[in-house]
Amino acid sequence: METMIKKKIKEVKKGDQSAYEDIVSFYQNKVYHICYRMIGNSYEAEDLAQEAFIRAYTNLSSFDERRKFSTWLYRIATNLTIDRIRKKKPDYYLDAEVKGTEGLDMYSQLAAEQALPEEEVESLELQSYIHREILALPPKYRSVIVLRYLDELALQEISDVLDIPIGTVKTRIHRGREALRKRLRHV
Amino acid sequence: MKCNKEAVMLMHKYLDGELDREEERRLRDHLQACPSCQNHFHELKRSITLIKNTGPVAAPEGFTSNVMANLPKERKRKNYTRMLQRHPILTSAAIFFILMFSGIFSAWNQDHQVTVSKQENLIIQSNTVIVPEDVTVNGDLVVRNGDLKVEGKIDGDITLINGDFVTDNPENELANGENYQAYASGEVHEVNQVFEWMWYNTKKFVSDVFSMDSN
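Protein chains in written order, with the working numbering: chain V, -2 to 184; chain R, 7 to 221.
Worth double-checking, as some hints may not be accurate.
[Said to hold, decoys possible] Which bits of chain V does chain R cover? Going by a derived footprint, with three or more residues having C-beta under 8 Å, they are: (1) 0 to 10; (2) 125 to 131.
[Unchecked claim] SDA-like cross-link-like pairs, simulated, lysine to any residue; straight-line CA separation at most 25 Å: (3) R:11 to V:182; (4) V:85 to R:11; (5) V:10 to R:69; (6) R:58 to V:123; (7) V:179 to R:41; (8) V:27 to V:130; (9) R:51 to V:129; (10) R:11 to R:54.
These are computed hints drawn from the structure, not numbers from a lab.
Quick reminder that beta carbons are idealized off the backbone N, C-alpha and C, glycines included.
Using the sequences and the accompanying hints, generate a full structural model.
What follows is the structure in structure tokens.
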């Protein structure tokens, strides 16, 4: 797969825009997923993922072909998303969380939280609850947790994507795990 | 957290898959002895399972085509080169036609000087070739880029390229080139367009080839 992607990248670099389509369709779910779990709502996630692919295309000349394309692409996506999270105002941020529940409004969110201690939560509700708990993490823990457990990247890869030392990745994962443990222990 | 930090550190190392055997043994021993740490460890593993179970999210439909539609436009030049690379036969045909037509047009436009096939006793006056009354031209007469005025006789074909027949009295019935047949014993050709000229050259080439054959 990696060789196919490499070949496509070469074609795009030569000026064949249509070859980029295969790259996008191959990575779209992964990139969208990262953005969605980090930003929390589907509209913004789509916007960010799209932006990430467009940035990757326009900056493709600066991509070092000896390295892994996915790492580079995820890095663009996470950087864009983290920038967006930082720019958001706190009140808007809370609002976005509600939007991120996809079809659930403010009331259903409140209801869901009351219903959670019960054991028979529907799996969809549970999933949207966990989704919100991930979003409640501070962004720096959120990004490592998303990359580690939702995209199942290796620690070294996370360090490459986020451009932080592997020791920092570990520390953040540990803290993120502890934070999640406290939030999810009653589920 | 009642337990020492070391046990929690070991748990995280375990979750990162970085425990060695000795550490693993120590962690296991501690967990067996300490219910609070056991609970802690269980909660950590459970929260990870819960997170993983949120499952992957697929990109919305039409995502790829949206991205493709929003990409900056390719530079046109590159587009052409790619097209040419993809269709080598088309490319070679195009180059062939370009060279051929440029050759023809440049040959047509090249030389605007009046040229006459070698014949004696002809008068050339400012782009007009005159066959004087008392002169009989032996052989074919070719006039290029000039008008022709015939007063004498021509014993052969007349070919007039990019020029007109001229008479002293334009209202005369001889104004038409066909009527010059009266002066010439052979055929009269008048060529005024590039394509006629091409056609003329082709015919000439073919007839030359055949006449050589017959010789």
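Each hint, compared with the structure:
Counting residues of the region 0 to 10 of chain V whose C-beta sits closer than 8 Å to any C-beta of chain R gives 0, which falls short of three, so the coverage hint is violated. Given a C-beta distance limit of less than 8 Å, the hint that chain R covers the region 125 to 131 of chain V holds, as 3 residues qualify and 3 suffice. About 20 Å separates the Cα atoms of residue 11 of chain R and residue 182 of chain V, which keeps this hinted pair within 25 Å; it holds. Distance hint between residue 85 of chain V and residue 11 of chain R is unfulfilled; the C-alpha atoms sit about 36 Å from each other, more than 25 Å.
Only pairs whose Cα atoms come within 25 Å are accepted, and residue 10 of chain V paired with residue 69 of chain R is accepted, the gap being roughly 22 Å. At roughly 12 Å between alpha-carbon atoms, residue 58 of chain R and residue 123 of chain V fall within 25 Å of each other, so this suggested pair holds. Note on residue 179 of chain V and residue 41 of chain R: the hinted pairing holds, with a Cα-Cα distance of about 17 Å set against a maximum of 25 Å. Between residue 27 of chain V and residue 130 of chain V, the direct Cα distance comes to roughly 20 Å. Compliance with the 25 Å bound is thereby established for this hinted pair.
A threshold of 25 Å between alpha carbons decides the hint, and for residue 51 of chain R with residue 129 of chain V the separation of about 19 Å falls inside it, so the pair holds. A distance of roughly 20 Å separates the Cα atoms of residue 11 of chain R and residue 54 of chain R; the hinted pair therefore holds under the 25 Å criterion.
The structure fails hints 1 and 4 (numbered hints given earlier, in ascending order).
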